[in-house]
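Keeping their order, the protein sequence lines are chains D, B and C.
This note's numbering runs 66 ahead of the 1-based position in the first sequence.
This note's numbering runs 19 ahead of the 1-based position in the second sequence.
This note's numbering runs 2 ahead of the 1-based position in the third sequence.
Think of the hints as simulated: they come from the structure by calculation, not from any bench.
Listed next, the stretches of chain D that the computed footprint assigns to chain B, with coverage defined by at least 3 CB atoms under 8 Å from CB atoms of chain B:
1) 119-133
2) 152-161
3) 164-170
A partial selection of chain B residues facing chain D, derived with a Cβ cut-off under 10 Å:
4) Asn-21
5) Tyr-34
6) Gly-38
7) Met-99
8) Pro-102
Coverage of chain C stretches by chain D, computed from C-beta distances (three or more under 8 Å per stretch; other residues unrestricted):
9) 10-16
10) 48-57
Given the structure is predicted, the values throughout are model-derived calculations rather than measurements.
Each residue gets a CB set at the ideal place from its N, CA and C atoms; glycine is no exception.
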Amino acid sequence: MTPLSVHFTGVSKRYPHFSLDNIDLALPTGSIMGFVGANGAGKSTTIRILMGLVHQDTGAVEVLGHPMPDDQAAAKRDIGFVSEDMRLYEAATLAWHMKFIQSIFPRWDQRYADNLLRRFDLKPQQKIKGLSHGQRVKAALLLALARRPRLLVLDEPTTGLDPVARHEVLAELMAVLTDEDRTIFFSSQNTLDVEQISDQITFIDRGRIIDSANKEIFLDRWRRLRLMLPPDRPLPRLPGVVEIGGSTRLPVLTINQFDPAMVALCQDAGAAVQSIDAMTLEEIFIANVQSRRDHSVAVSETPESVTA
Amino acid sequence: MNTYLVRRLIYKDWYLSQGLFLAALVLGALTLAGIAAAKGTQLAVILGVIILATILIGMGAILMSSMVVERRQQTLPFVMSLPISYLEYTTSKLLGCLFIFLVLWAALLLGMIATILATPWFPHGLIPFTVIMMVEMLVTTCLLAAVSVTTESQGWTIGVAQLGGLGLNAVGFSIVRLHGIKDTIVAPHPHWTPTALAILAIELATMAMSIAVAFYIQSRKRDFV
Amino acid sequence: MDTSIIISQSDGRPMYLQIMEQIKQKVAVGEWPPGEEIPSIRALAVALRVSVITVKRAYLELEREGVILTQHGKGSIVAPDPGLAPRLYDRELEDHLEHAAHIGNLLGLTPDDLADRLRDTSARLTAETLAKEPV
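Generate coordinates for the entire structure from the input sequences, incorporating the hints supplied.
This is the structure in structure tokens:
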């Protein structure tokens with residue numbers, strides 16, 4: 067069994083107007099997990115519990131082998147954390163921040179930091195208050211990356227960045243993985259980014275994990291089937307139908323357990339298969355969320371956790 | 020407790036409040052010079068004291084609310100990502116902010132005593148009362164620190180700062196009427212009467228208590244957020 | 003080792019298939035000769051900015067198809083098989099023919115119609131290529 071960098075078992079946290087329910091997460095060392103969810107779904111709360119900043123009500127949290135939140139100081143020595151709501155000190159310069167971080171973390175790599183300064187186009191002598199939003203995000207990322215932490219925990223690392231900056235950041239994140247002992251956990255609303263670089267993908271909605279699997283399995287399992295039904299025929303019964311759209315004669319089935327054998331099944335039932343469309347991660351996420359929120363369609367689901 | 024990290028955090032707060040600190044020091048020095056130059060006229064002295072008190076209480080409030088400010092300015096996540104526990108963080112705030120304040124306070128106290136000693140028109144009997152009042156400001160600031168750190172609320176901090184200012188006046192007026200103080204206040208030499216010493220002892224005890232209680236309350240808290 | 007592989011996110015096909023196809027093309031064309039070492043899974047993933055797991059899948063499939071060989075603990079190489087390149091071209095042709103047949107069906111063409119279209123297209127291309135030759 068590959069070692070896990072992050073392990074949540076049955077984690078719950080109750081707030082007056084929101085609760086995190088029975089969260090399970092397993093992130094193997096050396097891989098990237100993309101965490102996808104709408105605003106208010108519980109991404110930030112989960113990440114705070116991961117960092118030991120919030121104490122869970124029930125369940126066990128282990129990060130890099132340290133039980134959280136009790137061992138958070140030790141764990142954070144090897145974790146680089148950047149969150150969307152994080153600000154640096156406006157009155158100080160980027161150079162001051164770099165020296166400050168360097169004085170705390172012995173693994174600071176100055177050459178790598180200089181490299182990142184160039185690549186992210188940042189001037190160290192500039193005060194933080196003079197930086198644009200994108201530059202601040204990149205500055206915070208630089209401070210986290212140059213320490214070469216074993217685990218990177220990022221809350222919306224590319225949100226608000228222009229396309230070129232996003233490209234740079236994704237490249238740097240992937241470069242981290244050249245070392246197979248380093249792991250990344252990132253939450254994002256940008257499903258394109260998640261789809262591109264994640265190994266594992268987890269969906270969260272309304273405080274619950276609604277699906278978690280490796281990326282290829284997600285992209286393989288989900289399909290839109292466009293059928294043409296003759297007037298007297300009923301819809302063929304297929305497993306894993308999450309949504310039925312289109313019209314009576316031309317139904318469109320969204321399936322979360324696609325198997326090529328289904329094509330023959332449909333044809334046997336008298337339905338002609340017009341096309342089998344792959345779905346983007348965004349479409350999969352939306353279909354997944356909507357099917358759980360809307361109880362009017364009979365759904366057969368298998369929300370298992372599958373790791374690579 | 021990771022003392023190295025606590026010291027780093029105190030250094031950080033010190034660095035960020037340097038400008039303010041310097042300004043307060045300069046302002047204080049100017050005020051003292053003004054008092055000395057005014058040749059002991061009562062108006063000048065009263066004005067000077069008010070200004071000095073304002074500087075100290077103002078600085079105290081700003082420093083002590085740095086934890087609340089850190090939360091509001093959203094720099095808290097940055098600090099939280101450092102390898103520290105919540106207890107170490109609040110320790111750095113409690114001790115660090117007090118320490119920075121103490122430096123300013125000590126400088127002004129010494130300045131005041133020097134002014135009294137160096138200028139001919141101030142009776143040295145003023146010294147014990149001055150020290151008591153300065154320590155009173157320290158007490159107020161300690162209480163402010165305790166409240167700010169434990170409540171993490173700007174409202175409470177501001178409220179206590181206001182009360183502290185008013186309280187200072189009230190305390191000042193009542194102490195000045197005490198037998199052990201008012202008989203010796205205009206004497207040519209400083210008299211450390213038992214009353215004066217007792218008051219000092221109470222003040223120091225109050226400071227120690229408020230810090231201890233603050234530490235205790237903080238150690239029971241589980242969450243950073 | 004040249005890693006000038008380009009992945010398009012707007013391409014409808016899965017990324018691992020795109021990677022596989024481009025690797026097969028490189029082998030077919032001789033850019034990646036038989037027996038030559040190819041980038042490790044992680045190195046390629048980083049260079050392409052694509053999930054490690056996707057590259058891993060591409061490599062697994064390529065190995066299954068006999069295009070590459072993975073030596074335990076030592077990385078991967080192009081299969082040292084001289085007949086590989088022409089076979090890949092052959093498979094590519096097969097893929098394209100299947101695709102054309104599928105579209106022909108959708109359009110309602112008969113196999114003979116399809117054959118006519120192929121013949122016409124091939125003839126046109128040959129004529130165009132000849133026309134470009136320097137006289």
